[in-house]
Amino acid sequence: MFRLPNLALGELEQHVLEALWQKGPLPPAGVHHFLGNSTGRSINTVSSALKRLYEKGLLHREKVSHAYVYSAKLSRTELQKQFLNQIAHELGGDEPSSFLAAFVDLAETYGEDTLRQLEQLVSDKLSEGDT
Amino acid sequence: MGLFQLLASMVFVFSVFAWVCVILFFPMFKSSAHQHPQQRLRSSRIWLYAPFWLPLVTITSSLVFSYLQNLLEQADHCFQTLSQHIHHLCGVHPPPTFDSILAWTLPFFLFSLCLGILFSLALRASRARSLIRNLIWHSNPCKLGADTWEVEQASFMAFTLGFWRSHIFFSKEFLSKIDIETLRIIHAHEDAHRNNRDCFWNSLDHSFALVYPKKIRQLLLNDLDLAREQRCDLWAARRVGCRIKVAKAITQAAQFQVLQPEGSLAIATQNIPERIRFLLRQDIPHQTLPFLPTFFIGSAFALGMGPIHHFAELVVNALLH
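Listed in order, the protein sequences are those of chains A and B. Per my numbering, residue 1 is the first one in the first sequence, and the count goes up by one each step. Per my numbering, residue 132 is the first one in the second sequence, and the count goes up by one each step.
Hints are supplied without guarantee of correctness; some may be wrong.
[Claimed, not checked] Which bits of chain B does chain A cover? Going by a derived footprint, with three or more residues having C-beta under 8 Å, they are:
(1) 136 to 145
(2) 148 to 157
(3) 280 to 292
[To be verified] Far from chain A, by Cβ distances over 12 Å, these chain B residues were calculated:
(4) Trp268
(5) Pro272
(6) Asp310
(7) His337
(8) Ile347
(9) Cys373
(10) Pro404
(11) His417
To be clear, the hints were calculated from the coordinates, so they are not data collected in a lab. Yeah, the Cβ is synthetic: ideal placement off N, Cα and C, and Gly gets one too.
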């Protein structure tokens, strides 16, 4: 069965992504500087987080001089969509359907006419002033 | 040991019996639109989980009654046929162990099936939980209520997502296009899903429904979906004070063709005509209380004392002798 890669992110990974969205492409040292030393995280920890995000397919990287420069592959909106897709896959049970399944079902089962009739029914009741 | 072995076998026999009964009789006796949604939800779940609760209630009540009758010395607590006393489903006179590999393997199969379903569900729920936490981290709080989030999606989305604890999500596009009164109604509907822990029950129902053939499974789940949505519609109607307004909100949301991720619950994606017609009815059926305790106590008496207990004894007798 097809499985999506596990997108679940740790707290540091989320902070790193946030940094890259705000600041654009950065090397590990730049991300570490942006996150600040107050968190007590070493540059190696930040580097590992960047590598994990890259392996999950969420970052691009390019070698500049001796260090990699990382940039976000997905926007926040695209990442949210990926999360929703994966949640749908996890919670969809053993008969998973695509994220758009509900939309398709709705359009197929209830045509424009049915919806118009229902709207008319509701409007009639509302004009009767019946609760 | 003999009693334990017998009980395990009887759990299997009664589970299969209940499973066959659900397949044969549910399409004929499924709940009607005249019942209150809460009651329909409960009766549909009684059908769905029959292979799991029926053996437990039958066997527990059989044993309890055998002990009680023995204690009170009111009657012979064991089954009597012709001149023979037979002690099977009896805690006072446990039967001897019987030498059959099926006595352990069949109940073990059933036990493994239940455990497998629960384990798979727990695994998926745990993975989904982390992802939902991530989604919340990257979403903005929504002013409509507590634990309500705004996702930056261009499509129309309004849904409740989670497992034990669930969260409400609206897309930015949806919030910008729908008027505030309709939004409040939709939020009330989603809030009802959250308060009733519908996401949890929905996942559990879908997982256990896999034991049935596809046609029966769909009938059971459709019945549950409709009852669950109608219950939340009524909840929202109570909050806004008008059922017709809720019906209007459903048609509006349907017009916008709201997207709903699989495994989540949303206001306008399921059984729309039935829900609207139900909301527009003059009389909403009353809920008879307390439904579940009455049902289970009634079942315990019927199954423990009545002809089903004797039927169980006959089955055991046929198996053993």
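Results for each hint:
For a cut-off of 8 Å, the count of residues in the region 136 to 145 of chain B with a CB near a CB of chain A stands at 0, and the three-residue condition is violated. Remark: the region 148 to 157 of chain B is not confirmed as covered by chain A, as 0 of its residues place a Cβ nearer than 8 Å to a Cβ of that chain, below the required three. A stretch counts as covered by a chain when three or more of its residues have a beta carbon under 8 Å from one of that chain; for the region 280 to 292 of chain B and chain A the count is 5, and the coverage holds. With a minimum CB-CB distance of about 5 Å to chain A, B/Trp268 fails to clear the 12 Å threshold, and the non-interface call is violated.
In this structure B/Pro272 is separated from chain A by more than 12 Å, as the shortest Cβ-Cβ distance comes to about 15 Å. With a cut of 12 Å on Cβ distances, B/Asp310 stays outside the contact zone with chain A, its closest approach being about 15 Å. The Cβ of B/His337 sits about 5 Å from the closest Cβ of chain A, inside the 12 Å cut-off, so the non-interface label is violated. In this structure B/Ile347 is separated from chain A by more than 12 Å, as the shortest Cβ-Cβ distance comes to about 14 Å.
At the 12 Å boundary, the C-beta of B/Cys373 falls inside the reach of chain A, the nearest C-beta of that chain being 5 Å off. With a closest Cβ-Cβ approach of about 6 Å to chain A, B/Pro404 is found to fall inside the 12 Å limit, against its non-interface label. Every beta carbon of chain A lies more than 12 Å from that of B/His417, the smallest distance being close to 17 Å; the non-interface claim holds.
Hints 1, 2, 4, 7, 9, 10, counting from the list given before, are not met by this structure.
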